[in-house]
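Since the structure of chain A is already known, use the hints to place chain B on it.
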Amino acid sequence: MAIVETRHLTKVFKQGELGAVNDVSLTTEEGEFLVFLGPSGSGKTTLLRMIAGLETPTSGEILIGGQFVNDLSPRERRIAMVFQSYALYPHLTVYKNIAFPLKAQKVPKAEHRKKVEWAAGLLGIGKLLDRKPRELSGGERQRVALARAIVREPAVFLLDEPLSNLDAKLRTSAREELEHFHESVGTTTIYVTHDQVEAMAMGDRIVVMNFGQVRQIGTPADVYDEPADTFVATFLGSPPMNLVRKDDVIVGFRPEHFFPVTVLAGRAAMPESLRAVDREGPYVPISLRVSHEEYLGAERILYGTIEDGAFQGNKVVSRMPSTLASPWSSGSVHAFAVIEKHLKFYAADTGKRTAPRPGPWR
Amino acid sequence: MSAPARKASAARSPSALGIAMFAPAVLYIVLLIGAPFALAILYAFSDARIGATSIHFAGLENFRSILQSPSFRMAVKNSIVFTVCAQVIIIVCSGMLSIALEKPFRGRGFVRFLILLPWVAPVSLGTIGWKWILDSIYSVITWVLVSLHFYKPYSAPMWLGQPHLAMASVILVHCWRLIPFSTVIMLAGMSAISREIPEAAAIDGAGFWRTTFQINLPMMTPIVSVAVLFGTVFTFTDMTVVYILTAGGPFDSTQTIPTLAFATGIAGSDLAAGAAISLFLVPVLVVVAYLMLRIAHRAEVV
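Protein chains in written order, with this note's numbering: chain A, 1152 to 1513; chain B, 500 to 801.
For reference, chain A alone in the conformation it holds in the complex:
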């Protein structure tokens, strides 16, 4: 087990262009499950590949377990990586696939079978050892790739979107298994994904990236509840945070904090969690002209435009339990509200978080 650290790591593919990764400094904790989250092209995979030793950094340093590894080849870094395509060797059986790292690292042949069986057993693929990769399902291939990664007990696991090739149902169960697996092995793991649900569910901490820069590092609760800038605020959450501009400040509030005022006043039938709302302090009334509504079963997403007040003309979204009544014909105007303490404030010029401004926000 080891700690991975990067110092001012930068990768520029083409001179004169913006780097794929720019000045990234971060440190994992021992045994941590760290997730790199970002849209495609945000540099998360390049960052991972630099840690793996598959890309050479343009500048900056990488340390694994306190050792400077910039000049070490991938095989000397004691890492294991699972690729998005799994990269199984198609001409070798599952057994030989899993044993390949042992062979390559000159582990005595006598130990191979024991180790392969241990890894295969851990992932429940003991019966597949004689098959070829093309005879396996997507989920089984993913497990073989994981078994190949753990068989030589690496110091660090690097996972590059290992679930993105699975279908939606399998992905949920594979996610659970992967979490369980990480708990039982306890190896420091870096996991790259563009899927915020995966990141929120699995990560001990999340590194949110965009344009090769780290926008925020924090626990899932940190990055969701206290986004450091407008990018993080809109990248996390579905639908994303509402951002409305007022002079030099951008005010943000999550769609699930944006309710009909009747709910806040306690007049409608409402879930337990919302009933306490009244006691949570003053709220900002906003009248909303509904443009359209999406019914998603458990919840209802309402799209509309703010009719009056300080935020007039801004498009916003509300997300509420579908148990609330629905008089939401498009074009109608309704009284909505946000509790003031749920408002986040960002500087309009930099997009960075700023100190709360006092109301009233009418």
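What the hints contain is simulated information worked out from the structure, not anything from laboratory work.
One or more hints might be untrue.
To be verified - Just a sample of chain A residues kept apart from chain B, beta carbon distances all over 12 angstroms, derived:
{"no.": "1", "residue": "LEU1205"}
{"no.": "2", "residue": "TRP1269"}
{"no.": "3", "residue": "GLY1272"}
{"no.": "4", "residue": "LEU1274"}
{"no.": "5", "residue": "ASP1281"}
{"no.": "6", "residue": "ASP1311"}
{"no.": "7", "residue": "LYS1320"}
{"no.": "8", "residue": "GLY1337"}
{"no.": "9", "residue": "THR1385"}
{"no.": "10", "residue": "VAL1468"}
To be verified - Just so you have them, the derived chain A footprint on chain B, three or more residues with Cβ under 8 angstroms:
{"no.": "11", "stretch": "688-699"}
{"no.": "12", "stretch": "704-711"}
{"no.": "13", "stretch": "714-723"}
Positions of the beta carbon are idealized from the N, C-alpha and C atoms, including for glycine.
Frame of chain A, contents of chain B only:
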């Protein structure tokens, strides 16, 4: 290759348009391959000669006399040596070239272009160039070797005039011609390997040799066999290189089955014997064609 056509024809009954589209290919095969092949079989069992006005059935007489002829046995041996040596050199060289040319580097496009040139140039022109390079009096190679004092001017090797040297020269010129072809095939095979697989091998701890011999080459086996089979056909049936460089000489030392068939049947005007000699190419080519179809079929399934 043939499977989609088969599927398509099974899916709906052949329409007039379908037949019309298909006809040129059939015509081409029948006229330019089928008819000469049938003619060759016909001649091989006859006493046909250039200039003769009638032909008679001769049974297996032609085959009997060919099998007894020392120059035919020599030609078979030469054909095998020529094909096997050329293929080994071609595969090893084009394998190395394709590994070298796979990774991007400055000027790679230009180098690829240069390597492809021998394949693009007409065979006969390229070979005539080599004939000059290897000429007994004006050879540049000899001239260089002499100026470097490896040889005395009067005892320099005769590249095309000494039996073993002549065979080596023919083989090397043929390699020069076919290496580009199999390099291109192997490059295509390499780029079909997902980039992540060699990377996974690198992370798993494999070095260059292990990655090349245990991962990349086994994954390329199908494409390498395609290159070998095509190369075998091109070499085994090659006429141009041998004919232009040595015309089979000296003393039949570079005579191969195709050149012997030409020398006997056309130059020696014994059509029947020439046809019979050329029929000895068929068994080898049938085996190669069968293997090719099998590989193509397997590649389709995977």
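Checklist entry - Broken hints, numbered, in rising order? => result 1 and 6
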